[in-house]
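Participant: Heads up: the protein sequence lines correspond to chains U and L, in order.
Residue 9 in this note's numbering is what sits at position 9 of the first sequence, and the numbering runs on without skipping anything.
Residue 215 in this note's numbering is what sits at position 32 of the second sequence, and the numbering runs on without skipping anything.
The hints are simulated quantities; they were obtained by calculation from the structure and are not laboratory data.
Treat the hints loosely; a few may be bogus.
[Said to hold, decoys possible] Below, a list of computed lysine to aspartate or glutamate pairs in the EDC-like style, where the Cα atoms sit at most 20 angstroms apart:
#  : chain 1 : residue 1 : chain 2 : residue 2
1  : U       : Lys142    : U       : Asp176
2  : L       : Lys217    : L       : Asp448
3  : U       : Lys179    : L       : Asp227
4  : U       : Lys19     : L       : Asp282
5  : L       : Lys280    : L       : Asp300
6  : L       : Lys291    : U       : Asp176
7  : U       : Lys22     : L       : Asp282
8  : U       : Lys161    : U       : Asp151
9  : U       : Lys102    : U       : Glu66
10 : U       : Lys178    : L       : Asp386
11 : L       : Lys462    : L       : Asp448
12 : L       : Lys425    : L       : Asp386
13 : L       : Lys425    : U       : Asp151
14 : U       : Lys170    : U       : Glu136
15 : U       : Lys19     : U       : Glu106
16 : L       : Lys217    : L       : Asp287
17 : L       : Lys205    : U       : Asp165
18 : L       : Lys462    : L       : Asp363
19 : L       : Lys205    : L       : Asp227
20 : U       : Lys102    : U       : Glu183
21 : U       : Lys161    : L       : Asp363
22 : L       : Lys280    : L       : Asp298
23 : U       : Lys170    : L       : Asp227
24 : U       : Lys161    : L       : Asp386
25 : L       : Lys426    : L       : Asp448
26 : L       : Lys205    : U       : Glu136
27 : L       : Lys425    : L       : Glu401
28 : U       : Lys142    : L       : Asp386
29 : U       : Lys157    : L       : Asp456
30 : L       : Lys205    : L       : Asp456
31 : L       : Lys291    : U       : Glu136
32 : L       : Lys464    : L       : Asp314
33 : U       : Lys102    : U       : Glu20
34 : U       : Lys22     : U       : Glu136
35 : U       : Lys179    : L       : Asp287
36 : U       : Lys170    : L       : Glu224
37 : U       : Lys144    : U       : Glu183
38 : L       : Lys291    : L       : Asp314
39 : U       : Lys22     : L       : Asp456
40 : U       : Lys157    : L       : Asp314
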Amino acid sequence: MSERASTIRLNDLDLNFSKEIKRLCGTDFHTCLQCRSCSGGCPFSDHMDYMPNGVMRLVQLGLKAEALTCNTIWICVGCHTCSIQCPMAIDIAAVMDALREKAVSEHVDIREPDILNFHREVLNSIERYGRTHKLEIMLRYKLKTRDLISDWAVGMKMLTKRKLDLTPSKIERIGDMKKIFQE
Amino acid sequence: MSEVPAIEVSYFPGCSLATTAKENNQSLIECCQKMGIRMIELADWNCCGSSSAHSIHHQIALDLACRNLSLAPPGRTLVAACPSCTLRLKHAQHRLKNDEAARDRYMKMWGRPFDPDLQIRHFFGLMEAVDLEPLLASNGYIPIDMRFVPYYGCMLNRPYALRSSSNYYGIMERTLTNLDLQPLSWAYASQCCGTFLTVARPDIVTPKVNAIMQGAAESGADCIITACAMCHMNLEVRCTLKKPIPIFHFSEILSLAFGTSRHQDWFSRHLIDPRPLLKSKGLAAS
Numbered sequence: 001m002s003e004r005a006s007t008i009r010l011n012d013l014d015l016n017f018s019k020e021i022k023r024l025c026g027t028d029f030h031t032c033l034q035c036r037s038c039s040g041g042c043p044f045s046d047h048m049d050y051m052p053n054g055v056m057r058l059v060q061l062g063l064k065a066e067a068l069t070c071n072t073i074w075i076c077v078g079c080h081t082c083s084i085q086c087p088m089a090i091d092i093a094a095v096m097d098a099l100r101e102k103a104v105s106e107h108v109d110i111r112e113p114d115i116l117n118f119h120r121e122v123l124n125s126i127e128r129y130g131r132t133h134k135l136e137i138m139l140r141y142k143l144k145t146r147d148l149i150s151d152w153a154v155g156m157k158m159l160t161k162r163k164l165d166l167t168p169s170k171i172e173r174i175g176d177m178k179k180i181f182q183e
Numbered sequence: 184m185s186e187v188p189a190i191e192v193s194y195f196p197g198c199s200l201a202t203t204a205k206e207n208n209q210s211l212i213e214c215c216q217k218m219g220i221r222m223i224e225l226a227d228w229n230c231c232g233s234s235s236a237h238s239i240h241h242q243i244a245l246d247l248a249c250r251n252l253s254l255a256p257p258g259r260t261l262v263a264a265c266p267s268c269t270l271r272l273k274h275a276q277h278r279l280k281n282d283e284a285a286r287d288r289y290m291k292m293w294g295r296p297f298d299p300d301l302q303i304r305h306f307f308g309l310m311e312a313v314d315l316e317p318l319l320a321s322n323g324y325i326p327i328d329m330r331f332v333p334y335y336g337c338m339l340n341r342p343y344a345l346r347s348s349s350n351y352y353g354i355m356e357r358t359l360t361n362l363d364l365q366p367l368s369w370a371y372a373s374q375c376c377g378t379f380l381t382v383a384r385p386d387i388v389t390p391k392v393n394a395i396m397q398g399a400a401e402s403g404a405d406c407i408i409t410a411c412a413m414c415h416m417n418l419e420v421r422c423t424l425k426k427p428i429p430i431f432h433f434s435e436i437l438s439l440a441f442g443t444s445r446h447q448d449w450f451s452r453h454l455i456d457p458r459p460l461l462k463s464k465g466l467a468a469s
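Could you put the whole structure together from the sequences, leaning on the hints where they help?
Facilitator: Right under this line is the structure:
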């Protein structure tokens with residue numbers, strides 16, 4: 001965080017951004033009073049560049065570029081530990097969802113591209129089969145990230161323990177997935 | 184065991200139980216049957232969208248959950264065993280109840296009106312409705328002499344919008360105490376397992392998982408018992424400790440206590456073999 005600019009320039013504030021995120025996530029992050037309960041409880045805050053309360057502040061102020069390019073939004077897994085601890089009842093995980101979606105649609109620099117690659121492979125699998133085919137998701141993910149070596153042993157163990165099906169389980173009315181994914 | 188009058192529920196297995204955690208699926212159906220609950224699989228169910236859909240595309244996430252809701256026959260409770268699937272389904276129902284545009288889209292896409300009265304329950308909700316004591320008194324059970332730590336992961340958390348849905352904290356301890364197991368307290372009962380970060384950032388998940396597994400061992404437990412298939416997989420896959428303690432699905436232990444004979448195919452699927460422990464306790468011998 002220390003590497004980041006410490007000056008907030010009023011001209012850089014985008015208050016429409018703040019409104020747009022509020023509309024997307026349906027929760028009022030303007031009530032955040034910076035108590036940091038969320039950040040104290042977050043199991044993954046050690047790996048985030050901004051703490052969750054910091055992200056709330058960025059969105060309140062309309063610091064769009066900072067909010068969309070931080071790694072926090074990708075490290076957050078949506079476990080809702082923060083959401084249940086927030087004394088102002090802000091659904092912090094929903095704010096993170098909205099920011100991720102915005103980061104993707106605005107084609108900003110994604111700080112954790114591998115995590116996004118994984119999410120995309122899961123969605124591709126659901127589009128193809130209506131369900132997730134884990135073996136294929138993992139293989140495609142590994143090809144995309146050009147890393148076939150790490151986790152090889154884990155994968156083999158899972159195969160021998162029959163935890164990975166070789167063929168996908170498919171829904172019957174696959175046309176329904178086309179309906180969902182065409183937009 | 185004598186037959187108990189059956190309650191019928193719609194059952195949403197979800198992708199994890201249908202594939203990587205088949206032993207969870209089979210033992211769940213089995214223990215429900217022993218409790219007089221018939222699980223009727225939701226016909227042609229699709230993935231709830233998992234973490235990935237709501238992470239990057241809220242509309243796809245909502246549509247995927249809505250399709251499942253539209254498949255549920257009216258008047259029959261919809262039960263999911265995966266905490267994440269349950270949350271997605273409940274979230275979609277909450278959205279549909281409060282958003283007319285979402286209801287219109289639902290009607291247009293699935294050609295059926297939205298049923299606001301559909302009951303959506305996690306498996307814990309079913310357990311709560313079962314009166315275990317008379318069932319055990321009339322049918323008997325196999326006492327399980329094990330000390331365990333309950334692992335809920337993030338499943339007891341929910342966003343503010345779903346605050347009025349039941350909270351099941353302590354349900355595994357209460358239930359399993361009836362079957363002679365001894366719960367121990369520990370620091371990690373509600374610590375998130377790291378879920379999908381396990382794929383792209385194992386460097387974050389491995390130390391988390393090791394801390395959880397170490398915490399369980401230090402508490403003096405024989406095993407961890409969890410009710411989430413994702414947690415079960417992450418703990419097994421990412422643990423790098425030399426002597427990891429076994430992790431059971433809640434449903435496996437229930438089925439064992441109810442005297443199942445169908446467990447042969449369950450424990451061999453665990454990455455951390457629980458069979459030596461079971462053998463030492465004189466369980467699951469056949």
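Participant: Taking the hints in turn, state whether each one holds.
Facilitator: Outcome of the hint check:
1. U/Lys142 - U/Asp176: The given pair, whose Cα atoms are some 28 angstroms apart, is violated under the 20 angstroms limit.
2. L/Lys217 - L/Asp448: holds, 18 angstroms
3. U/Lys179 - L/Asp227: Within the cut-off at roughly 16 angstroms; holds.
4. U/Lys19 - L/Asp282: Within the cut-off at roughly 19 angstroms; holds.
5. L/Lys280 - L/Asp300: holds, 10 angstroms
6. L/Lys291 - U/Asp176: holds, 12 angstroms
7. U/Lys22 - L/Asp282: Answer holds: lysine 22 of chain U to aspartate 282 of chain L is near 16 angstroms, not above 20 angstroms.
8. U/Lys161 - U/Asp151: holds, 15 angstroms
9. U/Lys102 - U/Glu66: Holds. Lysine 102 of chain U to glutamate 66 of chain U sits at ~13 angstroms (cutoff 20 angstroms).
10. U/Lys178 - L/Asp386: violated, 36 angstroms
11. L/Lys462 - L/Asp448: holds, 16 angstroms
12. L/Lys425 - L/Asp386: holds, 18 angstroms
13. L/Lys425 - U/Asp151: holds, 18 angstroms
14. U/Lys170 - U/Glu136: OK: lysine 170 of chain U and glutamate 136 of chain U at ~13 angstroms, within 20 angstroms.
15. U/Lys19 - U/Glu106: holds, 16 angstroms
16. L/Lys217 - L/Asp287: The given pair, whose Cα atoms are some 41 angstroms apart, is violated under the 20 angstroms limit.
17. L/Lys205 - U/Asp165: holds, 10 angstroms
18. L/Lys462 - L/Asp363: holds, 17 angstroms
19. L/Lys205 - L/Asp227: OK: lysine 205 of chain L and aspartate 227 of chain L at ~18 angstroms, within 20 angstroms.
20. U/Lys102 - U/Glu183: The hint holds at about 16 angstroms.
21. U/Lys161 - L/Asp363: Not OK: lysine 161 of chain U and aspartate 363 of chain L at ~30 angstroms, beyond 20 angstroms, violated.
22. L/Lys280 - L/Asp298: holds, 9 angstroms
23. U/Lys170 - L/Asp227: holds, 9 angstroms
24. U/Lys161 - L/Asp386: violated, 24 angstroms
25. L/Lys426 - L/Asp448: violated, 23 angstroms
26. L/Lys205 - U/Glu136: holds, 18 angstroms
27. L/Lys425 - L/Glu401: OK: lysine 425 of chain L and glutamate 401 of chain L at ~14 angstroms, within 20 angstroms.
28. U/Lys142 - L/Asp386: holds, 16 angstroms
29. U/Lys157 - L/Asp456: It holds: about 12 angstroms lies between the C-alpha atoms, which stays within 20 angstroms.
30. L/Lys205 - L/Asp456: Given pair lysine 205 of chain L, aspartate 456 of chain L holds - Cα atoms ~16 angstroms apart, limit 20 angstroms.
31. L/Lys291 - U/Glu136: Between lysine 291 of chain L and glutamate 136 of chain U the Cα gap is close to 32 angstroms, so the pair fails against 20 angstroms, i.e. violated.
32. L/Lys464 - L/Asp314: violated, 27 angstroms
33. U/Lys102 - U/Glu20: Distance of about 9 angstroms is within 20 angstroms: holds.
34. U/Lys22 - U/Glu136: Roughly 36 angstroms between the alpha carbons, so the hint for lysine 22 of chain U and glutamate 136 of chain U is violated.
35. U/Lys179 - L/Asp287: holds, 15 angstroms
36. U/Lys170 - L/Glu224: With Cα atoms ~15 angstroms apart, lysine 170 of chain U and glutamate 224 of chain L stay inside 20 angstroms; holds.
37. U/Lys144 - U/Glu183: violated, 24 angstroms
38. L/Lys291 - L/Asp314: Outside the cut-off at roughly 42 angstroms; violated.
39. U/Lys22 - L/Asp456: Outside the cut-off at roughly 48 angstroms; violated.
40. U/Lys157 - L/Asp314: violated, 40 angstroms
The structure fails hints 1, 10, 16, 21, 24, 25, 31, 32, 34, 37, 38, 39 and 40 (numbered hints given earlier, in ascending order).
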